[in-house]
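Novice: Just so you know, the sequences run in chain order A and B.
Residues in the first sequence are numbered from 250 upward in steps of one, following the working numbering.
Residues in the second sequence are numbered from 70 upward in steps of one, following the working numbering.
Do not rely on the hints blindly, as some may be mistaken.
[Claimed, not checked] Label pairs and their computed distance ranges (CB to CB):
#1 A:Ser254 - B:Leu236: 27 to 37 Å
#2 B:Met761 - A:Ile265: 50 to 60 Å
#3 A:Glu370 - B:Ile182: 21 to 31 Å
#4 A:Val252 - B:Ser177: 14 to 24 Å
[To be verified] Where chain A lies over chain B, by a calculated footprint (3+ residues, C-beta under 8 Å):
#5 227 to 236
#6 243 to 249
#7 337 to 348
#8 401 to 415
#9 434 to 442
#10 559 to 565
#11 912 to 926
[Said to hold, decoys possible] Covered, in the sense of this in silico footprint (three residues per stretch, anywhere, with C-beta under 8 Å from a C-beta of chain B), are these stretches of chain A:
#12 251 to 260
#13 263 to 275
#14 286 to 298
#15 342 to 351
#16 354 to 367
#17 396 to 408
In short, the hints are calculated from the structure, not lab data.
All values reported here derive from a predicted model rather than from experimental measurement.
Idealized CB from N, CA, C, for every residue including glycine.
Each chain, written out:
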Amino acid sequence: MPVISLSINGRAHGPIEVRDDLTMNDFLREVLGMTGTKFGCGAGQCLSCAVIVDSADGTSATMPTCILPATEFDKFAIRTVEGHARDGELTALQKSFISHFAFQCGYCTPGFLNEGQVLLERLQSEPIPRTELERTITEALDGHLCRCSGYVKYHQAVRDVVLADPNRFLI
Amino acid sequence: MRPSRREFVTWVAASGILLSTARLQPAQAGPFDETQTFPGIAAKQSSPLEKGRIDAFAKATGAKLYASDFRAADMDGWPATTAHALLVRTADASHIFAGLDLSVLDASARPTIVVTADDLARVGTRAPPFYTGDLLCPVGTTPLYLGQPVALLLFESFDAFDRARFLLRQTPPIKLGARTGPLAQPNYAALRFTRVAGPSPRAPDVYSPVMEGWISPGFFKANGRPIWEPLPLSEGGQYKRGAIYGEEIRAAIAAKDPGTLVLDRRFRTQSVDPMFLEPEGGLAWYDSTGKTLRLVLGVQSPLEASEALAHLLGQAAPAVRPERIETHFAHMGGGFGGRDHTPFPLYLALAAIFLPGRPIRLAYDRFQQFQGGIKRHAFEMRTQVAVDRASGRMHAFAADHVLDGGGLANYSASVAVVSATSAIGIYDIPKVDVTTVATHSRGVTAGSMRGYGVLQTAAALETLVDEVAESLGMDAITLRRRNLLKTGGLTLTGNPWTVSVRTPEILDKLEGHALWRERVQARKATSADTLVGTGVAVCAKDYGTGADAALGRVEVDPNGRIRIFCDAVEMGNGIGTAVANRVAQFLGRMADEVSVARIDAFDALGLVTSGDPYAITQEEQDAVSRDPRWVPSISSATSASIGAHVGTHAAAEAARIVLRFGMWPAALALWGIGQDDPRHFLWEEAFWQDGMLILSGLPPLAQEDVAAKAYAMGALTGAMAHAFSRWAWAQAAFPLGGLDWAADLDALAVRRGEGPFTVLDRSFIAFPPADYNRIGTSFTSSCGTLVRIAIDRKSGTVRVTDAYSVLECGQVLTPEVVLGQAQGGFAMGVGYALLETLPPFEDGPGNGRWNLGDYVVARGSDLPLHALEVEVLPPVAPNEPPKGMAEVVMIPVVPAILNAIHDATGHRFQALPVTPDDVRRAL
Chain A
250 MPVISLSING RAHGPIEVRD DLTMNDFLRE VLGMTGTKFG CGAGQCLSCA VIVDSADGTS
310 ATMPTCILPA TEFDKFAIRT VEGHARDGEL TALQKSFISH FAFQCGYCTP GFLNEGQVLL
370 ERLQSEPIPR TELERTITEA LDGHLCRCSG YVKYHQAVRD VVLADPNRFL I
Chain B
70 MRPSRREFVT WVAASGILLS TARLQPAQAG PFDETQTFPG IAAKQSSPLE KGRIDAFAKA
130 TGAKLYASDF RAADMDGWPA TTAHALLVRT ADASHIFAGL DLSVLDASAR PTIVVTADDL
190 ARVGTRAPPF YTGDLLCPVG TTPLYLGQPV ALLLFESFDA FDRARFLLRQ TPPIKLGART
250 GPLAQPNYAA LRFTRVAGPS PRAPDVYSPV MEGWISPGFF KANGRPIWEP LPLSEGGQYK
310 RGAIYGEEIR AAIAAKDPGT LVLDRRFRTQ SVDPMFLEPE GGLAWYDSTG KTLRLVLGVQ
370 SPLEASEALA HLLGQAAPAV RPERIETHFA HMGGGFGGRD HTPFPLYLAL AAIFLPGRPI
430 RLAYDRFQQF QGGIKRHAFE MRTQVAVDRA SGRMHAFAAD HVLDGGGLAN YSASVAVVSA
490 TSAIGIYDIP KVDVTTVATH SRGVTAGSMR GYGVLQTAAA LETLVDEVAE SLGMDAITLR
550 RRNLLKTGGL TLTGNPWTVS VRTPEILDKL EGHALWRERV QARKATSADT LVGTGVAVCA
610 KDYGTGADAA LGRVEVDPNG RIRIFCDAVE MGNGIGTAVA NRVAQFLGRM ADEVSVARID
670 AFDALGLVTS GDPYAITQEE QDAVSRDPRW VPSISSATSA SIGAHVGTHA AAEAARIVLR
730 FGMWPAALAL WGIGQDDPRH FLWEEAFWQD GMLILSGLPP LAQEDVAAKA YAMGALTGAM
790 AHAFSRWAWA QAAFPLGGLD WAADLDALAV RRGEGPFTVL DRSFIAFPPA DYNRIGTSFT
850 SSCGTLVRIA IDRKSGTVRV TDAYSVLECG QVLTPEVVLG QAQGGFAMGV GYALLETLPP
910 FEDGPGNGRW NLGDYVVARG SDLPLHALEV EVLPPVAPNE PPKGMAEVVM IPVVPAILNA
970 IHDATGHRFQ ALPVTPDDVR RAL
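With the rest of the complex left out, here is chain B (with noise of 0.2 Å):
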């Protein structure tokens, strides 16, 4: 992708396609700044509000606001009238598809177009690579997965369409042919993690991922699994190395030894759906007079929406190839991952060219979302472990991890890394060995949701770790004490977490907590209806991909009213309120104005990419890294908790730019200081408090002076940031006020005044290293939960009563939104646990029939609303970074509650969800 310099807000994707994004501006919703622009201290935020949320207002009035909120008529300078389409699936993977059958659709529901896989080969679109397949079933194949879309009805009124969705409800149209089966595909990836720890702590590792690079077997059985032993061929050497370490590991571990407690379990997660309140939904035109694809959407990743979108156009015949393609990004209800590299935008995108000059909507109904929409990766895993039983120590780890992608290929390889290099979770362990292996099925397509594999594996560890105390006769917390990784300590793929270690202040922290001191006396509040038993967990979760990227826009007017722009979405993560606020530290108030979404507004910084993040070598990084204008991403999807870390990191740098070289510098010549007074460099000991910048012995500044007296010297009001990060910052200097500025950034463009965004060439750039891909998980937030459960012996329901979580996430930008994720985060571990799940395949919801109702996730009486408590531990400095925490809530809260089961009962459940009627089965 390369931004154009020709015009602003477009740049040029590889197909050659003008690709740009706009504000959304509905011509029926009131002014801009009251839906999808915060006004963070807009004139309506009465005193009460005066908090910092930015999006409060528009949520509580019901403004348009989310992408199904929008239609035709809403949206300036677009044809009046909506037309809908409907996204036609088959429930079958097993026969071949033999074509529609819409007879039974009268007049008054039949739709104007179908639009079928022939069209798409037709009209010349291609699938992204990242999903692989086919957007629509050809006739004549055996659907890839339950719940492929086979067509596409557009309909020109609603009420056709309505009632067409209704009729086909009731008589799916899919003609099936012959049995086939289902359809055999490749494993999405097979990968083994081994990690041999040197003899002494401060040794080097004998074999480890990061030293060696990661491994696949490359050869698999008849039946498509890897096989994982060394087999003697000449190929895959590098694989075969690992291997006989990792057998060596196992070989230990299944020797008989009298000393050792070994433990070998098998632990199955289900599959869940992300259920967002707000179905996927969306609005396109596509005006083929002026070759103009128009969009709106609420995704997780915008730019990858954009680029899939080039893509599938990319090569199109002429009369359906936009030249141009303009996206408007909304605000979601919702996302939990489930967004994030959706192939919703493709469809959307194809109903519209398929119905040219009409503005068509494509929204799912909750039956469709469960259909088609991202699900969790359910998980089948082996864990075995050995413990030193006079230490409690444990001393070596296996793992096969097993994991369900379905049927389009999207998130599961990384799935099953971050699972995998996560299997120890937050011990210290000097031999393991894991394998992984994403596998293709006809379910339906498992990628991002929150939690991302280490909900479960955590889920498998942390009961076993709660098993091994118990066999020991250990108190569990003492027994992970004593096994903790510390700060300099390794992880499984050879690196450290180089992040704040807090583990051991949580463990700390649950021991001295009275649920976990009362644990005992508690459970003798067993009586004849009720069971108690108190259980406990602590996870750490990955925060980052280990390729980040963002983008963040700052700038102050003369009147000193911040706008803000930034890459980062909203879903209910609080990302802009979140920026805001960490904007305010440099430039002394809250934005009054902060565009979340916002990939197009940096034209300016020129940028340009090439390669894989993930995958580039280093020789390549060292070539491509002189263009001062290239970046390894230009920007990331708001997933994998990076909102607080990442989300915010471009635009805080930017404030701090524009701090240091504008208000800094007008704030001198207001006191009058020269430029041989010492006081001249001591801006990082200034501060803000009540819009007044403060600097010891001075006069305070109003924020508003030192603004007007920016513009009137002509220094610098403005700056446009690049970052990214790959478990470091990228780091460059750019020429700043007579120096070489480093800054954690890759790249630069200021203003001053009211002038426009200049870029700067940085005069040193350093990259992280490209074998830095080799780490699994560096940075890290953890979490530790206690919970304390009744249940009841005749319906065999368990009932969290009291729960108490703690949490660490570095400097917490809005402690009520940190506090409102902790609960969500606990809420849906509750559902995890003890509510939700999807069958697979044929029973599940590929077949089209699952809403809520048949699916159960927590309401409000199923959580213990008056008895959560909730600890954030403050930062380990004032100056601590962010870290993510949107994940991490939720993950403890599973093993802690299947804990506390195995406290109540004594039996150990080893299956998600854990049913009253399993209860009851075990008692």
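Chain A on its own, in the form it takes in the complex (with noise of 0.2 Å):
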């Protein structure tokens, strides 16, 4: 079986045997028992499942994890939900989800958290100009489904975020 290695939220896991058919979201669930990210249809349609990949450039994208082997994910550094708080404080991002009541059931949370905080790190290197600061959420958040909330308050917290410190994030 193949053997893989990985940073999991600053942590290093591996190695280890890995199915080469094992997806990643099986084996962070199953395996590792870190279940913040969340299996929502198997087909990398809903990103609830969705984590961070860190690349060593200094960029970060998110990639599903439904429909991507484990073996992909060897060497990489990557971020799940679990990772985000530090020491129990929360990062802007989850405290503005909080305060703007973003979600309702919340299992949707993982993916759009980790797509939210993507954006934010992109921005801070890649400032945008105010006038283009909802259609770059809404580009960004588009691939991730939410049923409860209608997905306004998402997009307001993120804003928010980003109105907070507009030196930081905005052009």
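The task is to assemble the complex, starting from two chains supplied on their own in separate frames and drawing on the hints.
Specialist: Below, the structure written as structure tokens:
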């Protein structure tokens, strides 16, 4: 069986043997017991399973875990919903999700949180004009499905993190 | 069901099996109060979060929370490893099921155990009566419906399970025999609702369902459909009387009267999936040594699930019959009705008892959830309306509904009733005749889903009303206003709505909104590329089912900390937050702990029940209610929008009693107010502000000081309550403080200081009369929606560019939750109108090949995220009870979009969803 090693939320995992057809989602949920990353569709359509992948060049992107094998993540550094808060201190985006009542059932929240965090980090290095903010958020989050909220508050929560610190995210 | 007094958190099912629930206390997931019980004002919630949201931290940090998150290793005291179950379903319901062929599974993917219908018969399990039909299709028979389970495969390792599910998706293991065609089964229900109003608005009805009972024809044609015309037979005399009135109404509509506009339209709605994000999943362990079956579940109906499990195994062979069933109810990743009375827990239990000693997990993937999960009923409707051309008044209405209930009995009869009794929406029409039949088909089972019957009929009605207005050359809002059912007016069952009726204000709001006032100018924005239109619709939705029960328990500790237990469940509905807010009104602070889905924490009430609360006679009710422990129903599913009104009620009443007989006497003592002081009786004038109890002219008292004093005095510090509503609360009196204390409750236990709860015998009881069961709808909330759309001529794509929804829901318990429900309901409405559909039968979800991608739900880019305005009317009075609102907010969105499409294109669509192809063809 293939052997993989990876970093999850800054902690090294592996080397560990995995079946070559084991999905990354099942690796997280069944092998490691990290169920914060959700399973929604198994088809890469709802992205409740998305995690953050941090690249060596300092950029980050989300990837679905339900349709990709765990072997695809070998040597990767990833972040999951469990890794955002540090010592119980929530990130600005987590606080914003909560203060906006952005989620209801909360099952899609890990995916939205990861996607929103990647966007905020991207805007820090590549600020955009204020006029492009709403469109940029819509494009960033549009792959994620939510059945409860109607999306409005998720978008407002991300937007308000940006607007609370415009010098950091906007041109 | 009768709770046992021998053992806390335990009761005995009719089968003799002990049932209990327990707090879900995972061993490796941190303290319990960080997961399943939400700490309202726990230390980790920093200041920006102190808005009352009590489930926030857990959901934002990925805590183990949902049933699908738990494995055996997470459970305290369970064996460490988890086995896995795979439910095999058939994609064919027209041939004999000839057995399984598992030869595609190599040694690495072979199940340890295969459970078939023969095995169920061998051990003597029973399907609960609610789910009529075989849980597993027996070999040699034709499956009852597409997607019917045929076997459970049990695997001891995840890898074997994982490989098998992949291989079996590629090569389904079903062997087919001879073709039989689909099985014909009886209809689930056939009912007729007819009302003839008296000659004047004040005159009594000539005929109504409330006066004379509900009627069913009882005669069926060869095709299984009812014969609605009254037959000249001696049977069915009661039916004949109603049917004669009904046929007279239809004849009057058919008569050619130049002064009357008659429209006769057909409308078709589709089957859809609730598409909650978390597929159904759970964990179970049958400890055969201890004869205990333990389960982790996520359902909207915990009591029903527990009792269904007891029925399933109640007469099973000794080797597989537990003596005790222990359930842990987790939070849900969405529900929308689809987890109310779901058969999922039965299959999970079967997996466990056939692999004793091993915790086993059953969790659907999305293909399986589409194939086996409960769906919305598809409707075929014919609607006829007669309108006086001069006044615009609708004076006669007839409709015929046929709904597809799919293959396994579920809520079809109830959906049929709700849709029929809501067929005239918000309007006052003096002559109404509605027939409805819920049919069995080979389709996937249809049951409860958000909007429950009204979504379908409102789409037909509100587009019809729009067409009436157009035909008469009348403004669409003016026409609605002329026909509104007003306070005290009678619905089509012959009863009034007994709650506030706010539709006049809603119409005023809609009429005054810029989207409506500027609709003509907006249409001028139509261009070579884009068509623009505006649509309006209004609806009312019932909340409650006519037999709703709630359990609530409130405790205050000596430091003023508050702990709440309730039986309602959390699925994104914010029930924990709502109940905490409601209790805080009486006890001065947000709860420190709210424990939901707790049907086990009320043993001290000693409740007993019997009979069917929807069908009980007055004589039966009078007889059994002499038992002071008897209630008509012990716990309800969290569904039918009952969360705010019912789900919070028992806890709120318990909190009121703790205030009156605990905190208030303590406050009087602290103030030094004696019995003879007139202020002694002013407890309802006192109020809480910033943690202080305030009564004019007296020094404010800190909540914790009052609580401490209550303990010191031996005053009341906790109350445990049960409530029942049949379109009115059961009312009882209890001996408290030397009074016969009357409350909207039917059972009460109290405690003093740290003492145990002691049940109080009610000194008086008035259950709502049994004939309230004839009422169709008594509690309603209403909502109106305006949408502006843009249609791309080339692609046919309809895009909602702007929208306004105005709703009313009585007292708003948590404004942010109400707003979120309204926004989510809007999104689901857009999906239902424009995107979502499941074909019936072989091309539909029963074939096991449906997933997201093929099934399209609304994404953010499908919605007017920055142009959706929601307005909530303030309550009619500060003490107006909360009303259900989670469903109503979705419903008018659908006809408003259809009416906007007509405004833009001149074409009326009468089937859902309206796809870009449909629009292109119409253009």
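Novice: The structure should be examined with respect to each hint, and the outcome stated for every one.
Specialist: Checked hints:
1. In this structure, Ser254 of chain A and Leu236 of chain B meet the distance hint of 27 to 37 Å, their C-beta atoms being roughly 29 Å apart.
2. Under the hint 50 to 60 Å, the C-beta atoms of Met761 of chain B and Ile265 of chain A, about 57 Å apart, fit the expected range.
3. Taking the beta carbon of each, Glu370 of chain A and Ile182 of chain B are about 49 Å apart, not inside 21 to 31 Å as hinted.
4. Between Val252 of chain A and Ser177 of chain B the Cβ separation comes to about 19 Å, which falls inside the hinted range of 14 to 24 Å.
5. For the region 227 to 236 of chain B, the assignment as covered by chain A holds, since 5 residues bring a beta-carbon within under 8 Å of that chain's beta-carbons and 3 suffice.
6. A count of 0 residues in the region 243 to 249 of chain B with a Cβ less than 8 Å from any Cβ of chain A is obtained; the coverage claim is therefore unmet, three being the minimum.
7. With 6 residues having a beta carbon nearer than 8 Å to a beta carbon of chain A, the region 337 to 348 of chain B meets the requirement of three or more and the stated coverage holds.
8. With 5 residues bearing a CB less than 8 Å from a CB of chain A, the region 401 to 415 of chain B meets the requirement of three and the coverage assertion stands.
9. Check on the region 434 to 442 of chain B: 3 of its residues sit with their Cβ under 8 Å from a Cβ of chain A, so the three-residue criterion for coverage holds.
10. For the region 559 to 565 of chain B, the stated coverage by chain A is not satisfied: 0 residues place a CB nearer than 8 Å to a CB of that chain, which falls below the threshold of 3.
11. With a cut-off of 8 Å between beta carbons, the region 912 to 926 of chain B has 4 residues touching chain A; three or more are needed, and the interface restraint holds.
12. Against chain B, the region 251 to 260 of chain A contributes 0 residues with a C-beta closer than 8 Å to a partner C-beta. That does not satisfy the three-residue criterion, and the hint is violated.
13. Proximity of the region 263 to 275 of chain A to chain B, defined as three or more residues with a beta carbon under 8 Å from a beta carbon of that chain, is established by the 4 residues found.
14. Counting residues of the region 286 to 298 of chain A whose C-beta sits closer than 8 Å to any C-beta of chain B gives 10, which meets the bar of three, so the coverage hint holds.
15. A count of 7 residues in the region 342 to 351 of chain A with a Cβ less than 8 Å from any Cβ of chain B is obtained; the coverage claim is therefore met, three being the minimum.
16. Given a C-beta distance limit of less than 8 Å, the hint that chain B covers the region 354 to 367 of chain A holds, as 7 residues qualify and 3 suffice.
17. Requiring three or more residues with a Cβ within less than 8 Å of a Cβ of chain B, the coverage given for the region 396 to 408 of chain A holds, as 9 such residues are present.
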